[in-house]
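Chain by chain, the residues:
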Amino acid sequence: MLSFVCRRLFFAVILLFVVSAFTYVIFAALPSDPAALTCGKNCRPEVIAQNRVRLGYDKSIPEQYGNFLKGIVSGRTYGAGEGVHCPAPSLGYSFRKHQCVTDLITRTLPVTASVALGAFVLWMLIGIGLGTMAALKRGRWPDRLATGFSVIGISLPTFFIGLLGIMVFVIWTGLLPFPRYEGITADPAKWFMSLILPWFTLAVVSASSYIRLTRNGILEVMNEEFVRLGLAKGLKRRTLIVKYVMRAALLPIVTIAGLDFAALLGGAVITESVFSLPGMGKLSIMAVNDSDLSILVATTLVAATFIVIANALVDILYGFLDPRVRTY
Amino acid sequence: MNSKVPLLSIRDLQVSFNTREGLVRAVDGISFDVEHGESIGIVGESGSGKSVMVNAILRLNFATEVIVKGEILFDGVDLLKLSEAEMTRIRGREIAMIFQDPLSALNPFYTVGHQIGEAYLVHHPDASKSEVNRIVLNALDKVGIPEAAKRIKSYPHEFSGGMRQRIVIAIALVNDPKLLIADEPTTALDVTVQAQILDLIQSLREQSDSAVILITHDLGVVAETAQRVMVMYAGRAAESSTVTSLFEAPSHPYTQGLMRSVHSLENSSRGSLKSILGVPPSLINLPGGCAFRPRCSHQLGDQSKCNTDKPELRLVGKSNVACHLPDEIIKSNSVSDV
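So the sequence lines, in the order shown, correspond to chains Z and F.
If you count the first sequence from 1, position 289 lands on 289 in the working numbering, and the numbers rise without skipping.
If you count the second sequence from 1, position 271 lands on 1271 in the working numbering, and the numbers rise without skipping.
Read the hints as simulated data drawn from the structure, not as lab findings.
Heads up, the beta-carbon is just placed ideally off N, CA and C, and yes, glycines get one too.
Be aware that a few hints might be false.
What the hints assert, rightly or not - Non-contacting residues of chain Z with respect to chain F, defined by C-beta distances greater than 10 Å in every case (computed):
id, residue
1, Gln50
2, Gly183
3, Ala189
4, Gly230
5, Ala232
6, Ser273
Unchecked claim - Using 27 Å as the maximum straight-line C-alpha spacing, the simulated DSS-like pairs for lysine-lysine come out as follows:
id, chain 1, residue 1, chain 2, residue 2
7, F, Lys1274, F, Lys1069
8, F, Lys1069, Z, Lys236
9, Z, Lys236, F, Lys1153
10, F, Lys1318, F, Lys1305
11, Z, Lys243, F, Lys1129
12, Z, Lys137, F, Lys1081
13, F, Lys1153, Z, Lys243
14, F, Lys1150, Z, Lys243
15, F, Lys1153, F, Lys1129
16, F, Lys1129, Z, Lys236
17, F, Lys1331, F, Lys1069
18, Z, Lys137, F, Lys1310
19, F, Lys1081, Z, Lys236
20, F, Lys1331, F, Lys1305
21, Z, Lys137, Z, Lys59
22, Z, Lys59, Z, Lys97
Just chain F, with the same shape it has in the complex:
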């Protein structure tokens, strides 16, 4: 493959669901690239479309009817144009996924050894029993399951939540995928375990040079693990930049709001946490214009573009920002406000 082609390139992706109330635009025109070996964080509140987007990448819309438009180029091939059979060869081998809730992500009826072995065997049908066994042991070892040889015959319910997430990670990494998608991998875990799991993902990434897309609603997690960040709001990208510039100078009013609502020593010395006023909009029949407008602290008035045009990402300073505010205001805000 041409090394200039990004590993994953998403172009104007739109994902919508037909519901009784109307069309839900969960993802409304997102574009971004992931380079080989890169780690990118996607941040947003619940319902901002992050999970829907990554599920669309692997086409995991198994039980629901969804409409997906745009392009998802993986190694230059549009995944949306592949047949279901071709797609099964990509899933788990080229692109693997870690899920949010390890308590429900493992099949309760099969041993963990079987489930890890199965993930390998699907893509290596000729592998011998002993080879699979060795791979499974190795995978359990890598993710830090003690006494792997003994636990191989245990069922998921015999493990703690953190251990189960390690097994889910072992399943994801057993085929050395080029891209690993982690959909809120620590949300369901204790704080202490969260750090362990993040460290694990980080160190495994360094060993294997897989690229990682990390979905989270926790800015702290992004700061620790990602190189680049995309902030999503109501199915669209609000801001996209490197982790350093995002934390130094959050530019979009929404990002700024997110930053202010993070609990940190600095924040608490200044008084109570600031939440973003209002609630995320319903994604059904979203009105035109900027989706963040009703909650935005800058009101440009009824005649402004905010009411009519959806803002596109544009470069302001070091970040790509989707906002109609004049550059000077964005820049000055980003420095002074936080």
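Chain Z extracted, bound-state conformation:
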């Protein structure tokens, strides 16, 4: 067991290296010149050339990547002479924002994590709850209701649901204040209020596919021979549903849920934009608009890291949950 976990984690680390290299190379291959972005519109070519040398953009890409990795391990000083020092782990320096990228990420990540975690809990509850209800009352009105909800949720774009939420709950009824993000440590009540709408917006979208997954999974397992044998043993319907059907039906959902959650941690771009939440998604969007490569490399890498970690955790968890895939 322990060796399985270690092996899985070891490969996760290798994978992270590969991902970081790819990310770096792809962004380095972009046609925009990072040196030209360091000074304003009326920049003279000499200044650009000077900056290029000072920032290390004149070196070969493998060398730049090496410096980037070194920065993660031991921190790095950007610019010549005095320069700016970003302590380890340094993911780069943004000349647009005049800030260390790591600082930008540590400031935006809690926002994104708050959004992701709440939405995740909500959508799992809604998705599995309605999905189970639909399966157990197949063909009757609860099923139609849940399936209808999921069709609408899948069809409507995220920004539309978000704007609809603002219109109904903030502007028309005034039930909620306009979402203005507040840190959880600063004011937990405000934090909660500001996140209700983003949570529901994200939850509705994701729950829709989970309703279908759960419903179809349960219906499929209900036709399994071993469920019939459980019934033939004399098990009560409720025991059968929970112990036999749900256990088997929810297993595949664990995998998808883990990856979906990790993807969300990389930034809920649309939701954060709609509700002006200062999260990683918003940071990425601004970086794209500004062609701020140093930030883009970092956010992409952080998002990828979450996916790789989640993937490894899901694999390990699956081994616990399903005796058939235990390889130890």
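Fit chain F to the known structure of chain Z by using the hints.
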């Protein structure tokens, strides 16, 4: 209970499904009795309604919508009138079932020990852990699982198909049921393993005096294990008799066809196997009259009862036969033809 009352008495059982194409009459008016300790075989091709019928006995129509009519009297009590809670007390304790495919019949997430123990524990909620453990070990031992103490913590996927079927049998027999229903218990297994499993069921039956309903499409299996046989066709009984008279003198044209299509030394010396021409009818909106008529080798013409009336079982010679042919023809056929 009155000893004259049969253990199981099925009266005019009808099971149908509503589908988009129409009403499927999977079982269309079947009646038969099973006495205490008796072993009865039910034979028929795929789709003849055998499995649907036995599932209806235990009301295992869990995920599908079915319409069940008639009476299923078990020890004099109509199972179709019981509440779901009362039914759970019958399932597994009074009537147990063995399934066709042992590879999918066991829950992959729990150890076999847990699954056998669970079957006991449902009906003996006060049993202590050590008692359950002893019962499980004993059950594994009885069905011939070697090193039972070690295998108790194994998962189903760690066993072969034959071993898994033994575990399914152990689950079925852990509560000493009065009636054991075996729904094609050997179909999914190798030929060599089939014989072992049949022997096992046979010897366990002798030890425990349970009655057995054995569903199969294999006449050879019936010959080996059952005392009485019912042949089913298109949801109805075609013929019902003792095993000896069925094999000595198959009376219904369908039974005769089945016999001819069995591969045996005698048959092969006479040339190739004879199959029954045509295919079983669709059970949706079955036309009136005899369902076997289109495939029957005796055609009595368009005006005959075969086109209008469903034949009921009647005694001809030693067998009950559901056929409109005159007695003499049935009798003469049964002797000469096979």
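Do the hints match the structure? See the list:
1. The Cβ of Gln50 of chain Z lies farther than 10 Å from every Cβ of chain F, with a closest approach of about 66 Å, so its non-interface assignment holds.
2. A cut-off of 10 Å between C-beta atoms confirms that Gly183 of chain Z is not in contact with chain F; the least separation is 42 Å.
3. Even its closest Cβ contact with chain F, about 43 Å, leaves Ala189 of chain Z beyond 10 Å, as expected for a residue assigned away from the interface.
4. Not every C-beta of chain F lies more than 10 Å from that of Gly230 of chain Z, the closest at about 7 Å, which undercuts listing it as non-interface.
5. With a minimum CB-CB distance of about 4 Å to chain F, Ala232 of chain Z fails to clear the 10 Å threshold, and the non-interface call is violated.
6. Chain F leaves Ser273 of chain Z outside its interface by the beta-carbon criterion, the shortest separation being 43 Å against a cut-off of 10 Å.
7. With a C-alpha separation of about 37 Å, the suggested pair Lys1274 of chain F and Lys1069 of chain F falls outside the 27 Å cut-off, and the hint is violated.
8. For the hint linking Lys1069 of chain F to Lys236 of chain Z, the alpha-carbon distance of about 24 Å falls within 27 Å, and the restraint holds.
9. Our distance criterion of 27 Å between C-alpha atoms is met by Lys236 of chain Z and Lys1153 of chain F, whose separation comes to about 24 Å.
10. A threshold of 27 Å between alpha carbons decides the hint, and for Lys1318 of chain F with Lys1305 of chain F the separation of about 23 Å falls inside it, so the pair holds.
11. The straight-line distance between the Cα atoms of Lys243 of chain Z and Lys1129 of chain F is roughly 20 Å, inside the 27 Å bound, and the hint therefore holds.
12. Between Lys137 of chain Z and Lys1081 of chain F the alpha-carbon distance is near 23 Å, which keeps this suggested pair within the 27 Å criterion.
13. Using a Cα cut-off of 27 Å, the hinted pair Lys1153 of chain F and Lys243 of chain Z holds, with the two alpha carbons roughly 18 Å apart.
14. Between Lys1150 of chain F and Lys243 of chain Z the alpha-carbon distance is near 25 Å, which keeps this suggested pair within the 27 Å criterion.
15. Taking the CA atoms of Lys1153 of chain F and Lys1129 of chain F, the gap is near 15 Å; set against the 27 Å cutoff, the hint holds.
16. Restraint check for Lys1129 of chain F and Lys236 of chain Z: satisfied, since their Cα atoms lie roughly 21 Å apart, inside the 27 Å limit.
17. A distance of roughly 34 Å separates the Cα atoms of Lys1331 of chain F and Lys1069 of chain F; the hinted pair therefore is violated under the 27 Å criterion.
18. Note on Lys137 of chain Z and Lys1310 of chain F: the hinted pairing is violated, with a Cα-Cα distance of about 38 Å set against a maximum of 27 Å.
19. Restraint check for Lys1081 of chain F and Lys236 of chain Z: the C-alpha separation of about 18 Å stays at or below 27 Å, so the hint holds.
20. Taking the CA atoms of Lys1331 of chain F and Lys1305 of chain F, the gap is near 19 Å; set against the 27 Å cutoff, the hint holds.
21. Pair hint Lys137 of chain Z plus Lys59 of chain Z does not hold up; C-alpha atoms about 65 Å apart against a cutoff of 27 Å.
22. Between the alpha carbons of Lys59 of chain Z and Lys97 of chain Z the distance comes to roughly 24 Å, so the proposed pair stays at or under 27 Å and holds.
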